[in-house]
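A.B. asks: Work out the full structure: start from the sequences and follow the hints.
Take 0 as the starting number for the sequence shown in numbering that gives the first Met the number 0 and just add one per residue.
Hints listed in this document are in silico derivations from the structure and should not be mistaken for laboratory results.
Pairs of lysine-lysine residues, derived as DSSO-like cross-links and limited to a Cα-Cα distance of at most 30 Å, are as follows:
(1) LYS62 with LYS266
(2) LYS62 with LYS269
(3) LYS62 with LYS121
(4) LYS269 with LYS121
Since we're looking at a predicted model, the values are computed, not measured.
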Amino acid sequence: MPLSLTEESYLNVSLSLRPPCRPDGRDQLQFRPIDAAAGILPTTNGSARIRLDDGGECIVGVKAEVITVSRSDDVHVEVDCDIVGLLPSSPLQNLLCSTLETAIRNSLPSRLLRITNKYRYKIFVDGIILDHVSHPLTLFSMTTYLALLDTRLPRLAPDSLGGNDYDKDDIGIPQFSSDWADSDRLCMSWSPPLVQLGIIVGKNVFVDATGEEAEVSDGGLLTVWHDGRVVGLRVVKTRDSSKQVFSINSISNAVEVLASASRDIEKALKGIRTS
0 MPLSLTEESY LNVSLSLRPP CRPDGRDQLQ FRPIDAAAGI LPTTNGSARI
50 RLDDGGECIV GVKAEVITVS RSDDVHVEVD CDIVGLLPSS PLQNLLCSTL
100 ETAIRNSLPS RLLRITNKYR YKIFVDGIIL DHVSHPLTLF SMTTYLALLD
150 TRLPRLAPDS LGGNDYDKDD IGIPQFSSDW ADSDRLCMSW SPPLVQLGII
200 VGKNVFVDAT GEEAEVSDGG LLTVWHDGRV VGLRVVKTRD SSKQVFSINS
250 ISNAVEVLAS ASRDIEKALK GIRTS
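C.D. replies: Shown next as structure tokens:
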């Protein structure tokens, strides 16, 4: 239900205070409780599900396909996401898919997908957002992160190359070990990127914003976290009247807040996978 003008004004003032006062009592860096699980889809290479306490829920499955390639340094990744209640190719769906696909492709080393000189893995990330009240970008990113942590790639069978060299172009189609325990985790030496969306209200920045908080915000900042630092950012509209320009100090403060939040989320998600 849309906020009345009085409610919108009251919430905007509350969030602009120093320190701010959020309706649910959380501080700026505090996330709502989540229910997360990995390895839930047996027919995938990796999978995860995350539920938020506001009813938001996302499921992501990761599959790997063997393809032939002409360039050895290409990273082949495809991200798709369906949002229940929205038509395919909606602006929100395009934002989620393009943001995650670009972030993964730019951070994933091609050597991790290499099978032989001729064959590579192509990674397909398929997600479905069953419900969302607040902006689903962070939810989709966290679920994708956990699913990639869960992803395993089968090893070549010991005799599949017939004594040939991995780098030769004339070997046959590779054969893989049928023992799923004899597989390698995709993230043994690589950590997936994590995309966060924070909202800006006055001089304050908030993570895991509710729909009402986003409705009264001045705008949002999207950051891509990878390898212990922020590697990308973008100003996004959180409502029709959102600002498109922020001061350098506002952007710097928002980046610092979202970097701290991303560091905590990364630690928590890795803990879920190893527990």
